Amino acid sequence: MQPPRFDLAGLADRFGLELRGDGGTLIEGVGTLAGARAGQLGFLANPRYRAELAGTAASAVVVSAQDAADCPVPCLVAKSPYVAFAKIAALFEPVPAAAPGVHASAAIDPSAHVDPAAQVGPFCSIGARSRIGAGAVLGPGCVVGDDCEVGPGSVLVARVTLVARVRLGARVRVHTGAVLGADGFGLAMDGGHWIKVPQLGGVVVGDDCEIGANTCIDRGAIEDTVLEQDVRLDNLIQIGHNVRIGAHSALAGCVAVAGSARIGAYCLVGGGAGIAGHLEICDRVTVTAMSLVTQSITAPGEYSSGMPVQESRLWRRNGARFRQLDQLARKIGALSKD
Amino acid sequence: MQPPRFDLAGLADRFGLELRGDGGTLIEGVGTLAGARAGQLGFLANPRYRAELAGTAASAVVVSAQDAADCPVPCLVAKSPYVAFAKIAALFEPVPAAAPGVHASAAIDPSAHVDPAAQVGPFCSIGARSRIGAGAVLGPGCVVGDDCEVGPGSVLVARVTLVARVRLGARVRVHTGAVLGADGFGLAMDGGHWIKVPQLGGVVVGDDCEIGANTCIDRGAIEDTVLEQDVRLDNLIQIGHNVRIGAHSALAGCVAVAGSARIGAYCLVGGGAGIAGHLEICDRVTVTAMSLVTQSITAPGEYSSGMPVQESRLWRRNGARFRQLDQLARKIGALSKD
Amino acid sequence: MQPPRFDLAGLADRFGLELRGDGGTLIEGVGTLAGARAGQLGFLANPRYRAELAGTAASAVVVSAQDAADCPVPCLVAKSPYVAFAKIAALFEPVPAAAPGVHASAAIDPSAHVDPAAQVGPFCSIGARSRIGAGAVLGPGCVVGDDCEVGPGSVLVARVTLVARVRLGARVRVHTGAVLGADGFGLAMDGGHWIKVPQLGGVVVGDDCEIGANTCIDRGAIEDTVLEQDVRLDNLIQIGHNVRIGAHSALAGCVAVAGSARIGAYCLVGGGAGIAGHLEICDRVTVTAMSLVTQSITAPGEYSSGMPVQESRLWRRNGARFRQLDQLARKIGALSKD
Numbered sequence: 484m485q486p487p488r489f490d491l492a493g494l495a496d497r498f499g500l501e502l503r504g505d506g507g508t509l510i511e512g513v514g515t516l517a518g519a520r521a522g523q524l525g526f527l528a529n530p531r532y533r534a535e536l537a538g539t540a541a542s543a544v545v546v547s548a549q550d551a552a553d554c555p556v557p558c559l560v561a562k563s564p565y566v567a568f569a570k571i572a573a574l575f576e577p578v579p580a581a582a583p584g585v586h587a588s589a590a591i592d593p594s595a596h597v598d599p600a601a602q603v604g605p606f607c608s609i610g611a612r613s614r615i616g617a618g619a620v621l622g623p624g625c626v627v628g629d630d631c632e633v634g635p636g637s638v639l640v641a642r643v644t645l646v647a648r649v650r651l652g653a654r655v656r657v658h659t660g661a662v663l664g665a666d667g668f669g670l671a672m673d674g675g676h677w678i679k680v681p682q683l684g685g686v687v688v689g690d691d692c693e694i695g696a697n698t699c700i701d702r703g704a705i706e707d708t709v710l711e712q713d714v715r716l717d718n719l720i721q722i723g724h725n726v727r728i729g730a731h732s733a734l735a736g737c738v739a740v741a742g743s744a745r746i747g748a749y750c751l752v753g754g755g756a757g758i759a760g761h762l763e764i765c766d767r768v769t770v771t772a773m774s775l776v777t778q779s780i781t782a783p784g785e786y787s788s789g790m791p792v793q794e795s796r797l798w799r800r801n802g803a804r805f806r807q808l809d810q811l812a813r814k815i816g817a818l819s820k821d
Numbered sequence: 484m485q486p487p488r489f490d491l492a493g494l495a496d497r498f499g500l501e502l503r504g505d506g507g508t509l510i511e512g513v514g515t516l517a518g519a520r521a522g523q524l525g526f527l528a529n530p531r532y533r534a535e536l537a538g539t540a541a542s543a544v545v546v547s548a549q550d551a552a553d554c555p556v557p558c559l560v561a562k563s564p565y566v567a568f569a570k571i572a573a574l575f576e577p578v579p580a581a582a583p584g585v586h587a588s589a590a591i592d593p594s595a596h597v598d599p600a601a602q603v604g605p606f607c608s609i610g611a612r613s614r615i616g617a618g619a620v621l622g623p624g625c626v627v628g629d630d631c632e633v634g635p636g637s638v639l640v641a642r643v644t645l646v647a648r649v650r651l652g653a654r655v656r657v658h659t660g661a662v663l664g665a666d667g668f669g670l671a672m673d674g675g676h677w678i679k680v681p682q683l684g685g686v687v688v689g690d691d692c693e694i695g696a697n698t699c700i701d702r703g704a705i706e707d708t709v710l711e712q713d714v715r716l717d718n719l720i721q722i723g724h725n726v727r728i729g730a731h732s733a734l735a736g737c738v739a740v741a742g743s744a745r746i747g748a749y750c751l752v753g754g755g756a757g758i759a760g761h762l763e764i765c766d767r768v769t770v771t772a773m774s775l776v777t778q779s780i781t782a783p784g785e786y787s788s789g790m791p792v793q794e795s796r797l798w799r800r801n802g803a804r805f806r807q808l809d810q811l812a813r814k815i816g817a818l819s820k821d
Numbered sequence: 484m485q486p487p488r489f490d491l492a493g494l495a496d497r498f499g500l501e502l503r504g505d506g507g508t509l510i511e512g513v514g515t516l517a518g519a520r521a522g523q524l525g526f527l528a529n530p531r532y533r534a535e536l537a538g539t540a541a542s543a544v545v546v547s548a549q550d551a552a553d554c555p556v557p558c559l560v561a562k563s564p565y566v567a568f569a570k571i572a573a574l575f576e577p578v579p580a581a582a583p584g585v586h587a588s589a590a591i592d593p594s595a596h597v598d599p600a601a602q603v604g605p606f607c608s609i610g611a612r613s614r615i616g617a618g619a620v621l622g623p624g625c626v627v628g629d630d631c632e633v634g635p636g637s638v639l640v641a642r643v644t645l646v647a648r649v650r651l652g653a654r655v656r657v658h659t660g661a662v663l664g665a666d667g668f669g670l671a672m673d674g675g676h677w678i679k680v681p682q683l684g685g686v687v688v689g690d691d692c693e694i695g696a697n698t699c700i701d702r703g704a705i706e707d708t709v710l711e712q713d714v715r716l717d718n719l720i721q722i723g724h725n726v727r728i729g730a731h732s733a734l735a736g737c738v739a740v741a742g743s744a745r746i747g748a749y750c751l752v753g754g755g756a757g758i759a760g761h762l763e764i765c766d767r768v769t770v771t772a773m774s775l776v777t778q779s780i781t782a783p784g785e786y787s788s789g790m791p792v793q794e795s796r797l798w799r800r801n802g803a804r805f806r807q808l809d810q811l812a813r814k815i816g817a818l819s820k821d
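Chains as they are written, first to last, in my numbering: chain R, 484 to 821; chain F, 484 to 821; chain W, 484 to 821.
Pulled out of the complex, with its shape left as it was, chain R reads as follows (with noise of 0.2 angstroms):
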């Protein structure tokens, strides 16, 4: 396999960049400004690497137009170098090549219907009624379960498994090991003992999302459960029955989703953070790290709840006050009448 090569000039034309220093400068490939190396594309996104820029070994970097100035080589300067340089990377991905077809193991059901231009790799098994569209590719060890539908360009990596009810758009991405359409957590205590509510709901995922690796997504108790478009989630994040995700959010490893919370479009969620259930989450907010939601938020922003660290024999002495703050802040309100 020969790697690919382009020279900044056309880079440039090709991504609408604007190109300062030598256009015939060859790119044949794509690193970071402290490891890349001659023949490399660099880029300046972070600021928190921006001393690096100086002593990069990289033919040319993407930058931004402020930035731009202080590059000692060639660069494309972008609005958004982080876009530019992802758009530009992609030209050197390595792609598996497709081949369309189902391998001799997979066990399809009778009533299953697989479109002859996916791929179905070995060990997979398909349910009944269940439809893979045309582009779509299983990987190894997937369990497409009954009535379930992968849409087209929609690629489960290896190992997916989509239980029962679960229906993909178009170009869904679901990473090796999600399960999507378990039986949702539904429990109701009669006489000493717990007996299971039926999950009659399935899942539905809109195009572009992506579902990351062991990432679970439980199907619904009686309506389903819902990411809408361009929905991004990390690896091991759990999304409990009749969740509803808007478009474009995105939420990060490790986050967890209780039953029938709502959470709306172009909302970011940190990692680790947890929101309850039966609440709603309005558009455009942004919940950091290990935070915690338990009541509905109706307004735009950032919320926070995590804590950072401290040295531990000074955690443990704050912590133990806080275990008394209540009466702290009597005291204090005492104080004050005096």
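Just so you know, these hints were derived from the structure itself, not from any lab. It is possible that some hints are incorrect.
A pair holds if it fits inside one copy or across any two, identical chains being indistinguishable in the list.
[To be verified] Subject to a maximum C-alpha distance of 16 angstroms in a straight line, what follows is the list of computed EDC-like cross-link-like pairs (lysine to aspartate or glutamate):
no.: 1; residue 1: K679; residue 2: D766
no.: 2; residue 1: K679; residue 2: E576
no.: 3; residue 1: K679; residue 2: D690
no.: 4; residue 1: K562; residue 2: E501
no.: 5; residue 1: K562; residue 2: D673
no.: 6; residue 1: K562; residue 2: D505
no.: 7; residue 1: K562; residue 2: D550
Every value quoted in this text rests on a predicted model; they were computed, and no experiment measured them.
Given chain R, put chains F and W in place with the hints provided.
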């Protein structure tokens, strides 16, 4: 498939509920108060949804005695509407046809025993000396290691792994991706390197337990990790080695329980909570979401340490003060003495 | 299978321990102080269990020098009783028979190389240009993607996936359901839609590492995600792209480490802790359970922010005060100036 259909009088009779209104009302599905169509049965269990009762399009509703008067349509009056609804909804649950027998692709050790009335799906493997009981179901891609037992009527939905020495009772339900019996996290530092502490125990899961998707239950170091009967675990939960969980306890998603903790019966643990190792929690304790238990709890009741979000700019200010709370408290002490 | 049997003098000799009492005592298994039967060897490492020493039914016990005098039965005196016990217990661990060779069902790319002394179980698939070393074991259902390497003696227990460009050193142990090399969570907002930042790097795992069940380690965006040698990860951990973890560090269950964080050597991270991205933690740092690290840590020591539970009614009162802590502190400041 013709969907099932029942009249309201028949349902009242079958589940011991009080009928109010036309007993001939035909029910052919269930729904939420807001979402139900004609022909469907709704329910009102969570007071949060009471306002939706008046406008429901459901043909009938399951309600408590105090809500019955406000119900605009025929109703079934239940002591616990949620329990009654769960039982009725089960009539409408699509149940995949049982298909006893072993799929041709399954890899089964000659010393394993699979009951003729069990079902083993494609791409399953079963190790030495393991036993699969009557009516048990192993969905696609399950791995049962050596010396395991799957009790009668238990279901491993798909891609479940019982690593070694895992014994499931009767009617246990294990969801996709769960891993029971992986090595506990036992390490000892020896001259600057970790050495692995052998994990010689197993996992014992009582009758009627349910284990969520991608949940992990490690096997014991010496003795077994134990779930008593009717324990309910949601998704993405971590249960360390030698943990013991009492009967009828339920843990929500993303809870982590460290090694050798003992949780009593009828406990409820909220999502994302953490329970440290080598401690004991008595019966009937509730721990709310994202709380951390670091010491034994000896009295029933509800315990918390999860902090709800504030706007980040307020949160950061309060958090900064928290880090000096001990100093603040000393200052107050001094003022009080003035 | 005849269980192995050793006399105490032999064990003392083999592991360099001091023998006190009858060296002819026969040991045919290990147990806890409380649970051991005659014929078994107990151990006392955690002072929490010291009270159980007097009443143990074990035939012998591994103890420290200071506990030896109180031991009612023959004992082996060790500098670190836990390390000594771990080594002895390994003698009693059932080890499945090695069975080199490739299962007939495995799907292996013609360009992959599997050492003849490696073992590849049923329903495994191995991608293009990947290499499986001598003595390596792939349990049932493992997926090794393109351009991966499994070093000599490494074990993928079952249903492990190496997605792409994952290189494991020697004697690495990866537990069931773990996913190494999934796409890092790289997104850029472009005109109201997310675009995916290609993840061109890989994952490098040093010798003697252990990766827990259902743990995820994403591959790097440009450079690699790296675990140095002897790193130990428990279950359900999330390691973001381009993270680097130093040698001999150990992370407990459900920890989340965001992208480009660097953790030093000999660090310990408690369960459920979160570590933000683009920061550095120096060597020999301990972070306790459910703590959140948002800034670099430059001094060794123990750091915390996990808050232990209180009765909920007290907790709620203190929490309410916390939300006005800054105001409270200002009031105190004013009082002090009076």
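Status of each hint after checking the structure:
Within a single copy, K679 and D766 get their C-alpha atoms no closer than 34 angstroms, and across copies no closer than 22 angstroms, so neither meets the 16 angstroms cut-off. Within a single copy, K679 and E576 get their C-alpha atoms only as close as 46 angstroms, which misses the 16 angstroms cut-off; across copies the closest is 12 angstroms, which meets it. Within a single copy, K679 and D690 get their C-alpha atoms only as close as 32 angstroms, which misses the 16 angstroms cut-off; across copies the closest is 14 angstroms, which meets it. In the homo-oligomer, the alpha carbons of K562 and E501 lie at most 16 angstroms apart inside one protomer (10 angstroms), although the nearest pairing across protomers, at 68 angstroms, exceeds that limit.
Taking the shortest Cα distances, K562 and D673 sit within 16 angstroms of each other only across copies (10 angstroms), while inside one copy they are farther apart (60 angstroms). For the identical chains of this complex, K562 and D505 are neighbours neither inside a copy (20 angstroms) nor across copies (67 angstroms), given an alpha-carbon limit of 16 angstroms. For the identical chains of this complex, K562 and D550 are intra-copy neighbours only, at 11 angstroms inside a copy versus 59 angstroms across copies, given an alpha-carbon limit of 16 angstroms.
Going through the hint list in order, the structure does not satisfy hints 1 and 6.
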